[in-house]
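Novice: For this one, chain W is given, so just place chain U on it according to the hints.
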Amino acid sequence: MSEALLSLNGVSVRRGSSLVLNDVSLEVTSGQLVLLRDKNGAGKSTIIETAAGLLPLEKGEVLHNGDVLIDASGRSKRPKSAFGLTLQSDGCVGSLRVEEHLLNALDLAGGRIDIEPWLERYNLAHRKHDLIAHLSGGQRRKLAMLAGMLPGFVGHAPRILLLDEPAAGLDSASRILLVEDLHKLRCRGNTVLLASHQPDFTTCATHLLTGNAMETNEDFEESKEGKDDIKSTSHKTNPAFRTGFLLNQRTLSSVASNGIAGFLTLGILLALVDSSAVDSSLMQASGLFLSAAFAAGLVGDNMISMLYEHRTLDWWKAHRQGIPNSYIHGLFLGSGLTAMTQFGFDVAISWPLIAIGGLLTVATMMMVRWMDLATSRLARPRAAFTRILTPILILPFALLVQWITDSGLF
Amino acid sequence: MTKRLSEVILMLGFIGIGATLGLAFLKAPSVSINAFESPDAQRIFYWHVPAAWSAFIAFGFLFVGSALWFFKRSDFGWKMHVAGAQAGLATGLMTVWSGMVWGSAEWGVPWDWTDVRLNTFGLLTFLALFLVLGRQAQIDGAETRDTFSTFGLFGFVLVPVTYVATRLWQIRHPGPVIGGGESGSLNGEMALILLLGAISFTVFILGHVLMSMRITSLEQRLERIQEAKDEA
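Protein sequences appear in the order of chains W and U.
Following this note's numbering, the numbering of the first sequence begins with 1 at its first residue and continues without gaps.
Following this note's numbering, the numbering of the second sequence begins with 1 at its first residue and continues without gaps.
The calculated BS3-like cross-link candidates involving lysine-lysine, where the alpha carbons are at most 30 Å apart (straight line), are: (1) W:184 - W:236; (2) W:77 - U:72; (3) W:317 - W:236; (4) W:39 - U:229; (5) W:39 - W:59; (6) U:229 - U:3; (7) W:39 - W:184; (8) W:236 - W:128; (9) W:317 - W:128; (10) W:317 - U:72; (11) W:184 - W:231; (12) W:59 - U:72.
These are computed hints drawn from the structure, not numbers from a lab.
Just chain W, with the same shape it has in the complex (with noise of 0.2 Å):
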C-alpha cells in the first residue's frame, strides 16, 4: 500500500462546548476520493478544516505527505506541498477579479495553468475581470470550487484537495463536469476529501467516509477517460502581498481608515496648538510631529476586517503563505503624515523623522493586526474589544519620543 497523502491520527476537535470529532483517524493515499456524506451537524465541514490545520486539536495530529501539519500541543508547519482548499463559505473576498483569486489559488501552489479553459468550462469566462461582489451566489461558488480545484493539476506531485460542499448551488451541467473533473485530479494521483450531500458524487468516489468507519464504495465508476494533457509551469511569487497590494489600491482602505484617523488628530492638532509656540527642541516636538502617524497606525490593519467577508482570512491562514497586509501603504501614509504636520507648524522638513513617522505607522498597525488575528478564532471576533489594549503602544511610543530628543535626531 502507497504512503498516506493525508492522515487524521486520533483526532479529537471540540467546537464550541460540544466535542464534534473524537478520535477520528483517517488515511487517504494518492488517488483515493473519500467522500464524507453524513447527515448536517455531523462534522463534514469540521474533518475538512481540521484537515486543512485550520482548527486546534483537543488530541491527535494531522499529517501531510508525512509531516505534521497540526498537532495537540500547537505545533503547526507549512506543508511541503500546497493544498487546495474550498470552503463551504467559498473563502473569496468580493474586491477581488475573478481571475485574481483562481491565479492566488495557483500560486499558493508554487504553479500555474491556463485558467481560460476552465471559465468557459464552467462558463465563467465572461465574468473574468469581474468582481467577484458581482457574481451570483452560484458563480462564487463556482469560482470558490475552481480555486479548491486547479491546484490538483499544478505539476506532477499528487497535492492533497479539501472540497467542502463544492457543487451547493451548482447546476445539473456544472455538477456533471464537476465529476468529470473530479475523475481527472484523482487520475493524476491528487488525493481529495470531498464533503456532499449531492447524490452526483457516489460514482467517483472511491471510498465512502460515515461516522468515523471508512469504507470502499461499491458503486464506484472507473473514469474511461484517463489521464488529462494539462500543462503547468513554475511560477514562484507571493500572492498575499500582491492581494494586500491590489485590494488597497482598489479599495483605498487605508486612507479611509488609517488616514482618516490620521488627518483628524494633524487636524486637532493644528487647530489647537499655536504653531508659532513649537519649539523644536522641546521633547514634546517630535512627540507632536509623530502624532498624526501614530494615530493612524493606532487604527490597525482594514484589511483584516475585509477578509473576514466569507471567511476569506481562514482561506488565507489556511495555506500559511502570509495573510495579505496593507503594510506598504501605512509607511506612505505615515511618512506623509509626518511631512504633512511638519509643513503645518510650519518648521524645516526632517527626513529621519519622516522615516520614523512611516515606520511608526507600519509597526503599530502591525501590532494592532497581530491582537486582531489573535482573537479571529473567536464565534464573534468583532466583539472582541481589541482596541481596549491599545494603550500597551503608548508606552513604546512615549519612550521613542523621548529617545528621538536625547539622540539628538531632531
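Specialist: For chain U alone, kept in the frame of chain W given last:
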C-alpha cells in the same frame, strides 16, 4: 453554610477595608511636610498599596486559571480565569483610580505616559477589562476559552515587569514598599495599618474569587440544562 462562605469572606474583607480607610484618615500618623508635596494626600497610600497587592494576587489567579485551562483543559481552571479577571479588574481600577488622585496632588499630573510602572499596571487593568468584556460578548466554548487564556498567559508577563519597573526605570513612581530595601521599609503604626489593609484586601479578593467561581458554575449548569431541553 458552604454556599454562604464566599459571601461571609467577602463581607469580612469589606469590613476590613472600611476599617483600614477609617484608620488611614483618623489614626495614621502625619508624614513630614518636607518629604511630600501634599502630605495629606499621602493617606491614599493605605488604600493604594493594598489594592495593588491584591491586584497582583488576582492576576496570579488569572495566570494559574489560564494555564490550567490551556494545558489541562480544566473547567476549574476556566472558572479561576474568569474570577481572576473580574477581581483583577476591580482591584486594578481601585489602584489606578487611587494612584491618579494621589498623583494629581503629589506630582501635579494624574498620569505620566513615560513611567513604565504606571503604564504596565494600567495595561494589566486594561487586559482585565478586555477579558471581562470580551468573555461576556462571546459564546462559551473551546475557542473563547483558548483565546482568552492565551491573553491571560501573555498578560502575566507584565506582572514581574511591573514589579521591577521602579527599580530599572524609576521615573515618577516610588520604589516597592515590600521587599524594596531600606528606602521602602515602614515601621510602627503605619506598617500596622498597611498590614491590616493588605490582609483585608486579600480576604476581599479570596471572597470575590470564590463567589465568582460559584456564579460561573451556576451559569454552566444553567447552560447544560438549556442544552438538555433543546435536545429533548
